[in-house]
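There are 2 protein chains.
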Amino acid sequence: MGILGLGLIGGSLALDLSQLGYQVLGVSLQTTTCALACQRGAVRVASTDWQLLAGADLIFVCVPLDQTVPSVARLAEFLPEGVVISDVASVKADIVAHCSWPWFVGGHPMAGTAQQGMGAAVQGLFRDRPYVLTPTVMTDPEALISVQMAVQDLGAKLVLTDPVAHDRAVALVSHAPVFVSAALLLAGVQADTELLGLARQLASTGFADTTRIGGGNPELGLLMARHNRAQVLVSLAAYQTQLQKLHQAITEEDWAQVVQALQTSQRVRGEFSPLPPAPPPYPAGPRRAE
Amino acid sequence: MGILGLGLIGGSLALDLSQLGYQVLGVSLQTTTCALACQRGAVRVASTDWQLLAGADLIFVCVPLDQTVPSVARLAEFLPEGVVISDVASVKADIVAHCSWPWFVGGHPMAGTAQQGMGAAVQGLFRDRPYVLTPTVMTDPEALISVQMAVQDLGAKLVLTDPVAHDRAVALVSHAPVFVSAALLLAGVQADTELLGLARQLASTGFADTTRIGGGNPELGLLMARHNRAQVLVSLAAYQTQLQKLHQAITEEDWAQVVQALQTSQRVRGEFSPLPPAPPPYPAGPRRAE
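These protein sequences, in sequence, are chains A and B.
So for the first sequence, our numbering puts the first residue at 9; every next one is plus one.
So for the second sequence, our numbering puts the first residue at 9; every next one is plus one.
Among the hints, erroneous ones may be present.
Chain copies aren't distinguished; within one or between two, either way the pair holds.
[As the list claims (entries may be wrong)] Once the Cα atoms are required to be at most 25 Å apart in a straight line, the calculated SDA-like pairs of lysine to any residue come out as:
#1 Lys253 with Asp200
#2 Lys253 with Leu44
#3 Lys165 with Ala128
#4 Lys165 with Val53
#5 Lys253 with Leu152
#6 Lys253 with Leu241
Calculated from the structure, these hints are not laboratory results.
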C-alpha cells in the first residue's frame, strides 16, 4: 500500500493499514513528517521521493483537494500499468473527469477531526464512517474491487454512487452549510458595536453549534466553493428559498405555517441517522476489539 | 423566595436557592410536580394553590413565555405591595411593556439543557452563565437590588441592559439561528428522494451541529418568532443579505471575496467567548466547592 501525503487522513489510513498487516510505503514533502510516520509505526518506509510508490499495488492520494489532479498525473508518469490509485478529496465529479489513469477510483472517506497533520492521525478514524467510492463506466472492475477491499478492511461503511450524485449530496450536507453558518457570523459583524458586544455576552451553545463550521478553516471553505461550485450554488439557492418562505411566514404572522415548517425540520433531523462519537485524540488508546 | 412553575428553569432555581439557605415556596399546576420538588429538596413547601406565594418576598415566574404576562397579572391581584416579581422569559420588550406591577423586574437567565421538567432540574445550572436583567425607568430600585442579589447568589454573570437591546441581541444569537438552521433541513426535504437518501448517509458532525437548534422543539421556535417578531425579522434580513453576498461571490467566482468573508467569520467566531461545559445530568453530583 502506498500513501501520498501523510496528513490527518493519509496518516490515519497508514496507521490502520499497518495495523492490519499491510506493508505501507509513505511519501511526504517533509522529512520531519516522514520521521514521525515511521516513529508512530504508520509506515514501513517513508520518503520524500515519489519513486518509492512505484513498489505499491494500491496508492491513496491524500493531498489537499486542489493538488489531487496534478498529483495523480505526476504518479501516472512513472507508475507501472495496473497500479491502482484512489483519492480522498471531498469533491468527485471535477476530479474523476480529470484523472485519466485507467486504474483510478475516486474516493471520499467521510471522516476527520478538527486537527491537521500526521501528529493528529488516529487509528480507527474511518471505522463505522461512510466511505464513498465513485466508479464510472471507465473504471477498471478489478481496480474497484481492490479499493473496496481496503475500505472494508478499515471497517468503514462502503457507499457506491456516481460522482455527480456524491457532489450534490455533500453540497447539501457539508459544503453549503459552511456558507449558511458563516453568514450568521457575518451578520453579527454588520451589527453595531454595542449590539455585537451584548450578543457576544449572550451567545450560548446553540449559537456555538450553528456557527462551528462557518468559523472553520477559510482555505477549506474556499476549496469546496471552487471545486464544487455548481452544486454548492444549487444547494444555497434551495436553502435561500426555504429561508425566504420562513421569513415571509413570520412577516405575515402565518403562525400555522411557521410551526408546520419547524415540525417538518424536527422530523427530518430525526431521520438523519445518529453520528458516532469523535475518535480518541492522539496518542490513541488500544484498538477496539473486532 | 417563591417559584411559580417548577419546570427545568424553575426547578433548577429552586434547587440552588434552597441549597443557599433560602426558604423556597413552589407552585405548580401538577401535584406530582409539587411532590417531586419536595422530594428533591428543591422547595420547603409546594402547592397548586397560588396563594402560597403571598408569603414570599421575591417571586420568580418560570412559566412558558406566552403565559408570563397573564401569570404576573394574576399574581398582582392578590400579592401584597412590595413583593418583587421577576420572570425568566427569553423575550423582554413585549413582556416588560405588559407587566404593570410596580415591583416587576424583567429577567432572562441564559441557561438550559435539552431536557424539560422538574425531573431534569439540576443544581448549578446558572453558575457562570449570563443572567440578563432589564430594568426600565419605571423599575423600583430596591426591587432591582433584591433580584440582583439573588442572581449573584446563583453564581451567574449579571448583565444589565434595556429590554429592546436584549431582544435585538438574542434575536441575533438565539432566535434567528433557529430559522437559519431549520431552513437547511427544509432544503433537504425539497431534494429528490435519491439525493436525500444519499445525503442522510453522508451527513457528518458538521451537519449535525448546524441543524441542531433548527431540529428542536417547534413550539419554542414559534414562541420566539411570535414574541420577538420585529427583531427576528431584522436579524433574518441582515443574515439573508450576507448569504446573498456569498452566493453572488461564488457565482461570479470572486474567490478573493469568498476567502476574505470566511477569514472574517473565522475571526469573529474566535471573538465569541468560549462556552462552559454542560451541567451534569440529574441526579447531580456533589455541589462544586465555592
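**Prompt:** Tell me, which hint numbers fail for this structure?
**Reply:** 2, 4 and 5
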